[in-house]
Structure formats: C-alpha cells, structure tokens
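Trainee: One letter stands for each residue in the lines below.
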Amino acid sequence: MIVLAILLLPLVAAVLCWISAIGRRAAAPITMMTCLILFALSARVVFRVIAFGKVVAVPDWIEVDALGALILLLVATVGVMACLYSLGYMARTTHDKSLLYHYYGNLNLFIFSMLAVPVVVGPSVTWLAVEFTTLLSVLLVGFESSREALEAAWKYAILTLTGASIALFGFLVLFWAMRQAGGGNYTWAGLESVAPHLSPVLLKTAYLAILVGFGTKVGLVPLHTWLPDAHSQAPTPVCALLSGVETTAVLYVILRLMPIAHITLGNGAERWALIFGLLSVGVAAFLLIQVHDYKRLFAYSTVEHMGIILTAVGLGGAAAHYGAMYQILSHALTKSLCFFAAGAVLMATGTQEIASVRALMRTSPLAGSALLLGGLAISGAPPFAVFLGEFAILRAGINQGHYLAVALLAVFLVVAFFGILFHVNRMVLGQSDEKMATLPRIPLTCSLTLFAAAFPVVALGLYVPGFLHQLLIRAAAIIGG
Amino acid sequence: MIARIAFNFAQVVVVMLFAPLLAGTVNRLKEMVQSERGPSVFQPYRDIWKLFHKDEIVSEQSSWIFRFTPFVVFVTPVFVTLLIPVLTSYPLFFAFMGDMLGGGFVLALGGFFATLAAVDTGNPYGPMGASRTRLVGFLAEPVFMIVFFTVSFVAGSTIPYIVQQHWVSPIANFFEPTHVLVMLAFFMLILAEGGRIPVDNPSGHFELAMIDESKGLEYSGPGAALMMWGGEMKFFVLICIFLNVLVTPWGLARDISVHELVLAIPLVLIKVLVFALTLVAVECSLAKLRLFRIGEFLGAAFVISVVAMTTWVFAI
Amino acid sequence: MPHGTQPDSIVVQLNALAGGLFLLSTFGMVATRQVQGCMRFFILQSVFLASSAFLLGLQPLSWHLIAVAIINLINKPILIPWLLKRTVSGEVYARREITQVLNIPISLLVALGLTMGAYFFTSPLLRFAEGSSAVVNLPIGLATLLLGAFTLTVRREAVPQLLGLLSMENGAFFASIAIAPELHLFVELVIAFDVLIAVFVIGVLTRAIHEHIGTTDVGSLAVLKEESSR
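Residue numbers (the working numbering), protein chains in the order written: chain D, -14 to 466; chain G, 369 to 684; chain F, 126 to 355.
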C-alpha cells in the first residue's frame, strides 16, 4: 500500500503542477511537500523491509526487497534535498520565472520514474522504468535552453535511448532463455530460481547486451561520452539527481542480473564486470585531470565511482559486495553534496570555469568550505565515507586474490584523488588577485541544503547506524545470490 | 526434333517481329499519360522501313568496326533468343548451347562493339556517351552476376528453362523473399541496361546528356535501321528473361504442338504489355538521376541482390 | 527452414517475405537523403512489422499476437508521424541532407556488412530456434537494430536520427514477436506508449534546438569538449 502511495504521489503532484492555474503559484511548495512525504514513506518502507524481509504491494509486479529499499531510500533522500535546493536556486538563476512550473512538473515525473525502477520486479517493466527516467529528464537537462544545454540534452537522449534499445534486445533474449529452460514467472526471483537450467549461450548474449546497453546509461567507458555534457549542463539540482541516484538506479538493474549470470556463467559474468569497471575508473581518473569546468569534474567522478562499484561486484565475495553497497550509499550522498556546492559556487561567481574561480574561501566562505568538503569527500580522503568504502573494496579484493585488479584500482584511485583535489584547491585556497566585489549571498534554502547534505557525509564516515548496516548486509546478500 | 528446331526459329521470328511493337507501345503510352496523342504504335516499323530505303553515309576515317557493328548489334539478341524461354516452357533445340551467364556475355558483346563503334568516328559526342555507357555497364555487372548466381543457387542450374520450373511448382515459392528481392534487383537492372528513366532519358535529343542513344548517332540508312532494331530486340530479350524466368513463368506452351505455340504468342504479348504499363508508370513518376547518382541507384540494386543471396544462403 | 524438407506453408513464406521487405525498408532509411523519405521508409517498416506479427499470430492462432499487430499498426505508422508533424515545425520536415558523413553507396555497403554480421552473431543462438519462425525474425531483428544504430551515426539531421532510434526499437520488437511472444499485453501497451512519449520529448527538444540554435543539423553541434581552449 505504501509503495503504491510512493508511486502515485509524484504523479499527482506533477499533474497539479502542469495545471497552470495552480502551477504558476504553488508548483514549488507542492513539490516540496511531496518530496518530504516521499522521504517519510521511504524510510518507513526501509524499516518494514528490515523487519519483514520484503514488502509486497502487487505480487509479481511490485515488490520491494532490501536492495530495492536501499535505492528507494537514496532516491527519496537526494530528491528531497534537490527539491529544497531548487527553491532557492531556480528562483535565482532562471530568466523566465513563469516557466518554472514546467520545471517542477518535470521534476516530479523524473522522481516518479526513479522511484519506479527499484520497486518493479519484472525485468521488462524495469526496462520501461529506466526508459522513462531518460525521457522524463531530457527536457530537464535542456531546461536552460542555451546552446550547450541543448546539445548536451540531444546527445543524452540519443545515446541513452540507443543503449536502451540494445538492452531491450538483451531482455528479450533473457525471456526467451527462460522459456527454453521451462518457463515460470518473468521476475527477478523467477529468473533466479530457473537460473541453473538457462542456456549459457543465450544468457551470455543477454548479459552482454544489457551490460553494454544499460552501461551506456550508467556511464561506463567507452559509452560515457554523453555523461560529462549532460551532467554539467543541467540545472544544479537536476545534476545532483542525475549523478547521485539516476546512474545508481540503472546500475541497480545490472546488479540484479549478476546473481543470475553468476549461477549460469560462473566467473565469466564477474570478469566482464571487472573489465568494464576498471576501464571506467581508469579512463575517468585520467580524463578528469584536464577538465576546464568544475561540474564536468564531478561528472567524471561519477563515471569513476560507477566503475568502482562495478569493479567491487566483479571482485566477488560477500565483503566486496558489502563494499559495493556501502559505496552506493556514500556516493549518492557525497555526490549530491558536491553538486550542491558547485551550484553555490556558480551562484556566487557566475562562471563554470575552473580557471576563473579563485580564493573562494575568502570571497564566499560558505561556498568555498562546502566545495572543499565535497571535494575531499568524493576524492576519497579519510575520514569520509567514500574512503571507507574504497578501502573496504580494496581489502576484499586482496582477500579474494585479485592482486592485479586491486593494484590497478589503487593506482586509478590515487590518480583521481590528486586530480580532483588539484582543481578544488586551485579554486578554494590561495590569495585573491583582484579585489572581488562582495559576491552575492547564497539563498537560504541552498545553504540549508548544503548543511543537510554535509551532515550525513561527515557522519557516515564515523558511524553507520544499525538499521543502515542491516540494510546493506541484506542488499549485499541479494547480489551474492 | 524437327519441331523443336522449328519452334526455336519461331521464337526468333516472334522476337524480331514484336520488338519494335513494344518500343512503339511504350512511347505511345508515355505520351498518353502526358495527355498527348503520341505517334502510332506501328511507327518504329515505318522508321525501320524508311531507313532501309535510304543511302548510307560512312566516314572515310572509320575502320571495319564501324561497318561491322550494326550486324553484331542485330545478331547478338537473336542468339540470346535461341537460349531463353520465349514461348515454351520446355527446353528447345539450342537451349543447352549456353546458359544465362553465356546469354549475358553475348549481350555484352553487342554492347562492347557498339561502344567501340561510337569511338571510331571521331564525333565528339560518341566517346562521351560511350564512356557513360561503360560506367553504367560496369556498375551493373556485379548486380548481373549476383542475380544470376542467386537464381542458380535457388534452382540448382543455370539453364533458364530449368530455373523457371522452380518458381512455378509450389505456389508458395513465389513469395520467397529471395524471389521478390531478385525480381526487384533485376527490374532495376533492366532500367539501367535498357537506358530508361531514372538512368537515362530514351527520348531525349540533347547529345550532351545522352548515355545509350549516343551509340546510334553516326549511323544512317540500313546501318541505323539495324542499330535501332537491334536495340529494341535487346530490350525485348531482357524483358522476356525477366518475365518468363523470374516473374510470371506461366502461359507458356507446355506440349510440342503448334496449337499451343500459337496460343502462347498472345499470352506472352499480354505479359509484355503489362510490363510496359508498369514501366511507363515508373518512368513517368521518377526523374532522371544526375550522372554520379547512378552509382547510388546501382549500388542499391547490388545491395538488394546481395540481401537476396544472403536470405537464401542463411536458409530463410 | 532448412532446404530439402517439405515446402513450407504459405503463412510461413509470407512471414519470411515480410521479414525481407522489413529489412529492405531499413536499407531504404540508410540510403535516402530526404527527411520525408526517411519517414516514409519508417512507416513501411512499421507496416511490415505489424504484418509479420499478424501472420505469426495466425498459425497457431494467438489473439495476443494479433492484438500486438493492431497496436503497432495504430501506433507506429499513424500516430508517430502525426505527433512528429505537430511537434516539429514544417520547415524541418522538408529538409534534405546535402552533406553526409559517408556517401550513400559506402553507407549501403557498410549496412550490408552489418546485416551479414548480424546473421553470424545469431547463428549460435538459432540452435534453440529450430523449426520456429525465430529463424527468420531473430537475425533480421538484430540486423535492423544494428542498422538503426548505423543510421544514427551517419545522419546529421535531427529527425532522421530520431527515426534511426525508432527503427532500432522496431528491430528489437521484430525479434521479440518470434522469441518472446507471450510478453504480457500490458507491457506491450506501455512500450507503445513509451515510444510515443519518446517521439514527443525528442520532438519538443528538436523544436527547442531549431528555435534557439537555428539549425537542426545536430551532427555539427560539437561545442562541448575537453580540448577546446577557453
């Protein structure tokens, strides 16, 4: 019941926002309230899942287990923060305020689609949900209607939908394989029960098609070319949603396939995940050294972290899976903080270029310290959560015996660490050359969001609450099969 | 035995007699579609008669090729007629002298001599048209080859009479994707080799734009008559191959009897008329392609024929 | 259907014919210059898709597949062109591409190579499809998928890129009617709806690009790069 409410609420809010009579006045408060309610409901679902193991809304269609609950919670959390941030950010940066209700309506639909991905259990319906996350965010990415934004939105739409078609083919072959093996329900659980009988040839084709197809959407190299553009040209709250949770939600679908592929293909499935994962981490780490734009910096960091999570799953073993889950959690929260900070910098200085921003700590202390905090956290400095996750993954990999992979991963992580901090330091610390006029103050809601986002980033590195730990362990068990 | 030889020659007579009629019909239909009266259907006969009664002027600088070519151009379609099914569905006396590939080469021989003759006289428009004809011919070669090979794969033989049997027997074979695609590719090939729109304008008078017409520019008198008649016969022969082997292998004489043979003549003519109607429809709805776009047209025909081959080889 | 066995029924042959023509219309999409031409070939392609679904639903009789055929027949040849005409301005619709990434004969040859590649990829999979019509539909579906992706890369105009995307989905669908015919009808309906939304969204985006940038030659939009010196 709760799950249905979670799905219906943003739809209702979107409809209300699009009715212009209501929307022009009340779109923002409606969306804010919806997001708060969604957050509360998701938290409740999480507790239910921890208590009962699974929440079933519509049998064989809509069910939530621990892995789904984790993604659900993350979507709701980043959603509520992005919404709060939007209140101040969009009011400040949009030229044509009368079109804002378009933005909020679209935002509601986008959040709906991301909430739908973890709760539906049929692979074909999951594919549909992922399609909708693309379609409903294209217009958000191009919202600012500048030349770069529209180009980014176009590349995003075309490349991701291409990948989705390839993944569709993979899902159809999967269905076929299931029919060949005797049938059953076309759900994740049904597939897992019939996995020992699936033909390896068919499953390998399906697995690779889905990995490549949805890998485009996750941002795996070499299909990541749209990601830096889309994730830097969108309005900042949308960037946070895209980088923080949308790529994670699609990676969730790939992770769902892993236990099935593992049973049928053995270590072959993990090997492919390892290859793609390491490739993504490596290429992203080296590419982010030469960015000119700080939002693109964080976008490349997203590619890197998706690679880390996939590598962790590829290394195999319960400890690595736990590390992957933890990394999902910490990345979502930390990346949203990074983008919120980037947005604050944008509002303060008016430029997205790294070279034009200097000595933020003096000229705009709030933005500067937020950026420094975010940069340190995302690059993997202790004592933040991302560092703990990466460390756990490296250690699990050594225990499993994959020395070469761990060595490569460590090298790439160090390169990324230096790359990100190099740019962040140039922007935040140092002397300011000219007399900077008093930079505009950041809106209140944005500052509130920055604090709200910073808090879990700092706290998670020191202490993981019991219920979260439970959730992560169960989610890891699901991936382990 | 005598009957077979006789019927073989009857085929040749039919082709010689009715080829100009086809050309006249197509011209008349085109004019009718454009709401004009157009020349009489028998006009090509009158043209051939008139040309045979005129003097011939031959350039002193030209060689034996120029004098020899009209005979080659006239005789090569006649030879091909001996090989293909025009009126009968059973092989005639000369049927095994050459297969479809041989027939194609014989027709190409005629084209080769025509090209040489066009270059022979030193007329500036001749070589230009000749080189363009060679361009079209060379681009159309792969299509010819692939179509023939596909058809041979399908029927297990390269003799047209045997190939024709394959598409007739179970009716379902008619709808095989290979068959449909081969028909389409061969139709595009006929448009190219016969010099029809969209490749070339057969009724154009502008020498700079001529491709196929230019081969007959220098001839006069009986030479011109033979070139014209030979060209019309070549077109008729191509259509017979298309219709009787690929498209509608029905309506042909089944027994060795004069009665059936005579009955087959109007049936074949009706089929040719239907083809003429289709041709006129195609010609009146398309525009002539620019010269370098002909490569794209023939490339598309090539692709279609290869897809036909692929669908057969991969056993659809 | 292997050669030498008894001749196939007429429905099976017609389905194979629909498959061949489906593939041919995809080649047409690669080879045409005009945006209108691309749209016409797409409509042809969708009609052949619907007819294949219809034929496969005839024998053995499956109302499910016939319903799928009808849904597709309404959705793709009729609704999509109408929706596209409404969201994208008429001027964009009448465009021709003069500059191309690859010239047309080479594009056609590459497309041919991709088709043969698709047949090779699917030959190990076809072991599981003996005797059913998946032997026809699966390779052609995958070939159309690859050709759609190829159309996307060689086209520079916005609307043909969108049509390439839609033809990829058509290809996946063509394979699905043979290998996954029992997919729930609700899912089929939502997929049809999703295709419409995709056309709407990309149509609106194309209109925005046309208004703000002035051209729909999206192949030439290349501002965002690392190497550009700022």
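Be a bit skeptical, because a hint or two may be false.
[Stated by the list, open to error] In the SDA-like style, the derived pairs of lysine to any residue whose C-alpha atoms are separated by at most 20 Å in a straight line are:
(1) Lys189/D <-> Ser248/F
(2) Lys418/G <-> Glu404/G
(3) Lys398/G <-> Gly589/G
(4) Lys189/D <-> Arg158/F
(5) Lys422/G <-> Lys656/G
(6) Lys189/D <-> Ala305/F
(7) Lys82/D <-> Trp3/D
(8) Lys189/D <-> Leu250/F
(9) Lys418/G <-> Leu389/G
(10) Lys82/D <-> Leu(-8)/D
(11) Lys656/G <-> Gly162/F
(12) Lys189/D <-> Thr172/D
(13) Lys189/D <-> Pro249/F
(14) Lys639/G <-> Lys656/G
(15) Lys656/G <-> Leu645/G
(16) Lys189/D <-> Ala333/F
(17) Lys189/D <-> Ile229/F
(18) Lys398/G <-> Leu629/G
(19) Lys656/G <-> Ser248/F
(20) Lys656/G <-> Leu389/G
(21) Lys398/G <-> Leu576/G
(22) Lys656/G <-> Ser257/F
(23) Lys656/G <-> Phe246/F
(24) Lys39/D <-> Ile458/D
(25) Lys656/G <-> Gly589/G
(26) Lys82/D <-> Ala333/F
(27) Lys189/D <-> Ala174/D
(28) Lys189/D <-> Tyr244/F
Note that these hints are calculated values from the structure, not bench results.
Quantities reported herein were computed from a predicted structural model and do not represent experimental measurements.
Trainee: State for each hint whether it applies.
Mentor: Hint-by-hint comparison with the structure:
1. Lys189/D <-> Ser248/F: holds (14 Å)
2. Lys418/G <-> Glu404/G: violated (25 Å)
3. Lys398/G <-> Gly589/G: Between Lys398/G and Gly589/G the Cα gap is close to 27 Å, so the pair fails against 20 Å, i.e. violated.
4. Lys189/D <-> Arg158/F: Violated: Lys189/D and Arg158/F sit about 38 Å apart, past 20 Å.
5. Lys422/G <-> Lys656/G: violated (34 Å)
6. Lys189/D <-> Ala305/F: Holds. Lys189/D to Ala305/F sits at ~17 Å (cutoff 20 Å).
7. Lys82/D <-> Trp3/D: With a Cα-Cα distance of about 15 Å, the restraint between Lys82/D and Trp3/D holds, given a limit of 20 Å.
8. Lys189/D <-> Leu250/F: holds (11 Å)
9. Lys418/G <-> Leu389/G: holds (16 Å)
10. Lys82/D <-> Leu(-8)/D: violated (28 Å)
11. Lys656/G <-> Gly162/F: Distance ~18 Å between Lys656/G and Gly162/F Cα, so the pair holds.
12. Lys189/D <-> Thr172/D: Satisfied, since the Cα-Cα distance of roughly 18 Å is no more than 20 Å.
13. Lys189/D <-> Pro249/F: holds (12 Å)
14. Lys639/G <-> Lys656/G: With a Cα-Cα distance of about 26 Å, the restraint between Lys639/G and Lys656/G is violated, given a limit of 20 Å.
15. Lys656/G <-> Leu645/G: Between Lys656/G and Leu645/G the Cα gap is close to 19 Å, so the pair holds against 20 Å.
16. Lys189/D <-> Ala333/F: violated (41 Å)
17. Lys189/D <-> Ile229/F: violated (35 Å)
18. Lys398/G <-> Leu629/G: Roughly 31 Å between the alpha carbons, so the hint for Lys398/G and Leu629/G is violated.
19. Lys656/G <-> Ser248/F: The given pair, whose Cα atoms are some 42 Å apart, is violated under the 20 Å limit.
20. Lys656/G <-> Leu389/G: Status violated; Cα separation ~25 Å.
21. Lys398/G <-> Leu576/G: violated (23 Å)
22. Lys656/G <-> Ser257/F: violated (44 Å)
23. Lys656/G <-> Phe246/F: Roughly 40 Å between the alpha carbons, so the hint for Lys656/G and Phe246/F is violated.
24. Lys39/D <-> Ile458/D: holds (14 Å)
25. Lys656/G <-> Gly589/G: violated (30 Å)
26. Lys82/D <-> Ala333/F: holds (18 Å)
27. Lys189/D <-> Ala174/D: Since the Cα atoms of Lys189/D and Ala174/D sit roughly 19 Å apart, the hinted pair holds (cutoff 20 Å).
28. Lys189/D <-> Tyr244/F: holds (17 Å)
The structure fails hints 2, 3, 4, 5, 10, 14, 16, 17, 18, 19, 20, 21, 22, 23, 25 (numbered hints given earlier, in ascending order).
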